[in-house]
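Enquirer: So the protein lines, in turn, are chains A, B, C and D. Under the numbering used here, the first residue of the first sequence is numbered 1, with each subsequent residue one higher. Under the numbering used here, the first residue of the second sequence is numbered 1, with each subsequent residue one higher. Under the numbering used here, the first residue of the third sequence is numbered 1, with each subsequent residue one higher. Under the numbering used here, the first residue of the fourth sequence is numbered 1, with each subsequent residue one higher.
Watch out, some of these pointers could steer you wrong.
Here are the simulated SDA-like pairs of lysine to any residue, each with C-alpha atoms no more than 25 angstroms apart in a straight line [said to hold, decoys possible]:
{"#": "1", "chain 1": "D", "residue 1": "117", "chain 2": "B", "residue 2": "205"}
{"#": "2", "chain 1": "A", "residue 1": "209", "chain 2": "D", "residue 2": "257"}
{"#": "3", "chain 1": "D", "residue 1": "56", "chain 2": "D", "residue 2": "89"}
{"#": "4", "chain 1": "D", "residue 1": "363", "chain 2": "A", "residue 2": "204"}
{"#": "5", "chain 1": "C", "residue 1": "190", "chain 2": "A", "residue 2": "90"}
{"#": "6", "chain 1": "A", "residue 1": "209", "chain 2": "D", "residue 2": "117"}
{"#": "7", "chain 1": "C", "residue 1": "192", "chain 2": "B", "residue 2": "295"}
{"#": "8", "chain 1": "C", "residue 1": "178", "chain 2": "C", "residue 2": "188"}
{"#": "9", "chain 1": "C", "residue 1": "192", "chain 2": "B", "residue 2": "31"}
{"#": "10", "chain 1": "C", "residue 1": "193", "chain 2": "A", "residue 2": "90"}
{"#": "11", "chain 1": "D", "residue 1": "105", "chain 2": "B", "residue 2": "31"}
{"#": "12", "chain 1": "A", "residue 1": "186", "chain 2": "D", "residue 2": "359"}
{"#": "13", "chain 1": "B", "residue 1": "188", "chain 2": "D", "residue 2": "156"}
Bear in mind the hints are in silico, worked out from the structure with no lab data behind them.
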Amino acid sequence: MEKNKKFNFTKILAPIVLVLLYLFFSIFGRNFFSDDYLINILDGSYYIGFMAIGVTFVIITGGIDLSLGTTMMCAALLGGAAFNIWHWPMIWCLLLVVFVATAIGFLNGVLVAYLNLPPFIATLGTQMMGMGFGAILTRVQTMRYPTFGTPEGWFKNFFYKTTAGFPVGIFWLFGFFLIALILLSKTKFGRYTFAIGSNREAARLSGIKINPWLTGVYTFCGFCCGLAGIFYAAVYTSIIPSTGNGMELLGIAGVVIGGTSMAGGTGTLVGTLIGVYIMSVLKQGLMSMGLQSHWQTFFTGVVVIGAVLLDQYRLKQGAKVKK
Amino acid sequence: MEKNKKFNFTKILAPIVLVLLYLFFSIFGRNFFSDDYLINILDGSYYIGFMAIGVTFVIITGGIDLSLGTTMMCAALLGGAAFNIWHWPMIWCLLLVVFVATAIGFLNGVLVAYLNLPPFIATLGTQMMGMGFGAILTRVQTMRYPTFGTPEGWFKNFFYKTTAGFPVGIFWLFGFFLIALILLSKTKFGRYTFAIGSNREAARLSGIKINPWLTGVYTFCGFCCGLAGIFYAAVYTSIIPSTGNGMELLGIAGVVIGGTSMAGGTGTLVGTLIGVYIMSVLKQGLMSMGLQSHWQTFFTGVVVIGAVLLDQYRLKQGAKVKK
Amino acid sequence: PAVAADTPYIAMISKGFQHKFWQTVQAGAQAAAEKYGVKITFDGPPSESDISVQVDMLNAAMANNPAALCLAALDTESVTEQLNTCKEKGIPVIGFDSGVPNAPEGSIISTASTDNEAAGALAADQMAGIEKVMAAITGATKDAPIVLSVISQDATSASITGRTTGFVNRMYEICNEKQPGLVAVTGHDKWKKASESGDVAIEILVSIAASTSVTDCQTAAQAVIQRGPVGIFCTNSGSVDGMLSATADGSDLDREKGRYKDLVVIGFDSGATLLNAVRNQWFHGAVTQDPYMIGFYAVELAVKTLNGEKVDPIVDTGCQYYTYQNMDDPAIAALLYE
Amino acid sequence: MTDVLLQMTDIQKSFPGVHALDNACLEVKKGEVHGLVGENGAGKSTLMKILTGIYKRDSGSIKFRGKEIHVNNTRESQQLGIGIIHQEINLMPHLTVAENIFIGKEPMKGLFLDKKKANDDAKKMLNALNIDIDPAIPTGQLTVAKQQMVEIVKALSYDSELLVMDEPTSSLTENEIEELFKIIRNLKARGHGIIYISHRLDELPIITDRVTVMRDGQYVGTVETAKVTKSEIISMMVGRTIYEEPKVKSTVPADAPIVLEARHLCGNNVKDVSFCLHKGEILGFAGLIGAGRTETMRALFGADPLDSGEIIVNAEPITVKSPNDAISHGIGYLSEDRKGFGLAIGLAVRDNSVMANLDAFLKGPFTNDPKIDRTTIDYVEKINIKTPSVSQLVVNLSGGNQQKIVVAKWLIRNSDVLIFDEPTRGIDVGAKQEIYKLMNELVAEGKSIIMISSELPELLRMSDRIIVMCEGCITGEMNIEDATQEKIMTLATSKM
Ligand SMILES: Nc1ncnc2c1ncn2[C@@H]1O[C@H](COP(=O)(O)OP(=O)(O)OP(=O)(O)O)[C@@H](O)[C@H]1O
Ligand SMILES: Nc1ncnc2c1ncn2[C@@H]1O[C@H](COP(=O)(O)OP(=O)(O)OP(=O)(O)O)[C@@H](O)[C@H]1O
Ligand SMILES: [Mg+2]
Ligand SMILES: [Mg+2]
């Protein structure tokens, strides 16, 4: 019953908010209802989308990953170093990005699962470590990915935009989203993710080996951050060392707006994706209205609280029973 | 028994680590064992100290406050606006700083206690809102506090350094620390802070009015952020809009290094203060060794994880029982 | 709703917004906008390391169908594609402040900017021109080496790296002339240079802050001060703020009773605290640009381009060195802002 | 009429989807111990929570000392003189015993707390009840029984005129129960009224004067305890009569093979425990709370570390390092704490039912959802789980049905050895019967069961053989033919 309610909310209310926001800005924003803005909305949320997909799994297990943003940046920095300094071929650089991020995710998993650290603390630690590590290894230099038309520029055409200007990134994000959806709902991995989040001890006593699966979840989240890093690099080209903290909150905010509870055990990826796009529409919409960037920050905060309050209100009873 | 162990750890191990770190850098750092560095260590941690004291209370209730840094900055910005734009007398500006931060804390409290939002989400929301709000109100202008020797320069002499160069801030921090210590261990407020963190439902059923007390805890934390804002302004003079996010993690890291558990119910302020100074010594020490600043970030991460692992190890049994 | 077709709309994207410097640029731009009857918007990211925010702003600005764009890029590569798009769409782009260095051919019509390397070199010249600094340079030996330092908020932005490079190169030149083969540049790999002889009498220390926040700039300044340098050059408002808060708003640099009374510090730009420090001679002086004219020229160049006029590819908006002695000269005072 | 202390009439209370109370009534006199019984979910706790202001009634009247009252929270009810000991332990584990007892009414010295006075007063109160607990240690370090005692002391410290005790004895030993009864009698003598809720119907004649029975949120009737028998009360509770039929003879053939053998198990509170289990047998484990039965089984199952000892399944020694090892050798464990360890109550029935055996429900890399549903439905029907659908969340089911889902989980896993730890704790009489029936069917099919229970009648009724434990050691073993309550209690209290 409760779950159904939740599904209804995520499946109907959040999309409605998204559509209403879009309509609102289409009326009041300058040129908002246009291909250009639509593309901006898509482009600006690839990296957040990948992070949010990954952290949805983590949040369903009842955990949190504060290292999302710095993991992404650290990995992208190292990939950039491979390209700029060691002159690896692009494809290897990209594999390195994914590898580094996955490794950090794995580290998070080991800390949380095997060493039993609270996820908040473990990932706070790796957040700082990742941020420092990337800067140390690249000697605090900005790393630049190839731009359109340069020898390795296929990278951008492949992940970001075709030469004709079509935002191919969207296919990647949606493709990956579908894979994640199947992973979450149709595989052992997904089921155990829910089981661990719902009642870790019951899962353990059912013979589920918590530690490897939980490590797997964090590793998967790291992997998603790696993908996020690739798309960040594809869209923004330059990676500045010692940045990325704060971005995790965008990813998490997307999940939260999408109706996934921080308590674990429930959550939907569809909600997450909608949450990410609500933030993106809000951001672009406010820009189209000529409001400066801090209005976005403010309203994103309002939306985060509003979304959860709404959810809370609808799930009031459910929450009481659970408590 | 378990509690005693914890006390021993916080009371003995953490100070030992602090002293060892200090000795280490005194030997290997350049000129580290000097007044100058000592003063730098103190100066650089006032604002973190105040935030950490406030959030210790919040963490003991089992909550979290992600809005620490932006609350501090938002309040300091508004105080700066009062001084720079509206030309209020300094003393009123400072009261405004404290008032604004306390109000944000109160908002957090209401969201968490009365509206029952998860603290992570409520304060994530107010983090963004505070950051945006300060920038909107000041029209994104950097606000500057009076400097030494200017008409309102007493402010700096009073909170930061005497004209003779003595770091008076330390008296304020320690004085406030003592007050907080008494508040936590000797008053109803402190007792209920622990009670709520230990078992909120039991506290409620014991006739404690959870909501006002919990709101009080977040409000107090906001108040501490206000004080942090004053000291930040005293030391750094310029307040840049849309900043402050990320600083909450420094405050939280101090609490965590000091041995307070994120699960709530336990925690010591002495530990928190030591945690803050461990970070500060680390930062200044690495500087004195000529290591670039991102090494600090890296090692702070290592210390956060290391501290909790150590604590975990010692409390292994206790944790099991709790589970 | 679209703006009336007859008022051209020019979007300006700066590198920041918070510092008075940018507000002055905006004021200049606004003045030009009024003069030429165009509409402008002005926005910038919250911090100078927020590349993604700037790129998003630029994308939004382009989606708003501007007649022309004025841009101070945080990083050239990250906006290359947008520049190409503008070129295709025929939206003229004018660079301002540090502009868009190394932009693709023909994508930038013109740039209104300070020559940052020249500004850095100017600071080096001024520093070496101070008697006691010169005495220290000539008097340094490998047994009693001296340190000259430059503090920068980041190693990313073109204007700041330009100033850093300008300063380091000129200082190296000056010192190497006095002490051939005994000068080394240390601190950051980008500028690192070992001394030719292997011995070091003069160390030029480049210090980059961990982040662009004041707290990190302050820590960087503190660390440099601990090395006991003879002179320090702070390359922008951020590092000046850091320096000021590391020295009790500069009062520790007081010529008579300050803790570091022999330390020579040169700043950049202006602002109330820096002006105060210069006026009290705590800072020896500072290099100032002309932010108002940067903004004004940027819009003027855009308008001229829209009108089909030919414009120069670079308009140097100039820079000046000021000290307590000349800061009230009308010509200089006009460039300074509180 | 002056001797009526409390009069609750026609109380209505609905939760979304549940009509928890429907015209519930209760009348308590001064100096009376008033029993309140009813099946699980009958609404006893809800009625008490309404009395003490935790829930708001929808309608109805509550008169306390003849005056209509409207309490909004626990504090107000305390001030009126109504105290309650909740069914669940409600202590703050990080706070000390004294701090817990005086929570909300801390002794103060000016603005500050007076810790010394709190400790001294707490000590006095504990001593008065013959409880040996140091008031300065955190309650989290006490055993459940001692925590329960602290709860009782805390409730008594309010000196309430009316004291509600919601299953106070559910985790106390005989001796402690005896102490509690002394306290109750003492209170009664002083004219206080007591509402006493319990599922242990045997306690009722010992301590209560009158009993009110509730069923499905409704008032069934109030009777004088001395004038009714236990089975009459039971029939009021369930609306039908149930006959208990203790087992007289083991049904296990003498030559039944040994399916599980434990040799010299040692672990936390497990001291050199050895026993064996035959095919088709129900092996009962008796003992007082804290005897180490749960610990033994958790260690056997791999849930807790085993320091030493051997486990032999079907004549083959096995190593058990995690529950997974035990499960793969056909052992299943139903925890005494369903919500804590047994079920993911936030997930659906179907998610829980296949949790231990998901590998059997994979098609390639994917889960075979139709097969999961089919199998779950089969078992829902087979063991008669009352649920609207298999996608119902477990949290919305009643305790007995939740317990059955745990059983279904192990059956779907095809476990041959099932460890039932307090399988009927906190579930009502009707559901208990169903669980018993199910257990008998399972052994008839050739499965083997270890049953831990603190209720001796239940053990005597179900077991083929009984092992008694005390303080981590086995103190005796007997066949059902030789077992009596007295014998078991003697062994359960005999320290080795
Ligand atoms: N907060 C709540 N929300 C929804 N339903 C509730 C809530 N509390 C109780 N109920 C329902 O009300 C009914 C009565 O529950 P109550 O706890 O009063 O029973 P009880 O007689 O105390 O049972 P037990 O013997 O198990 O303690 C049950 O159906 C229960 O599921
Ligand atoms: N980690 C621990 N530290 C201290 N004491 C513990 C710990 N774990 C369990 N105990 C104590 O060990 C004893 C055995 O507990 P347990 O309740 O599991 O026994 P049991 O025989 O299974 O009883 P029952 O199942 O009837 O409750 C109890 O007194 C319990 O409080
Ligand atoms: Mg009950
Ligand atoms: Mg047990």
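Enquirer: When the structure is checked against the list of hints, which entries are broken? Sort them ascending.
Expert: 2, 6, 10 and 11
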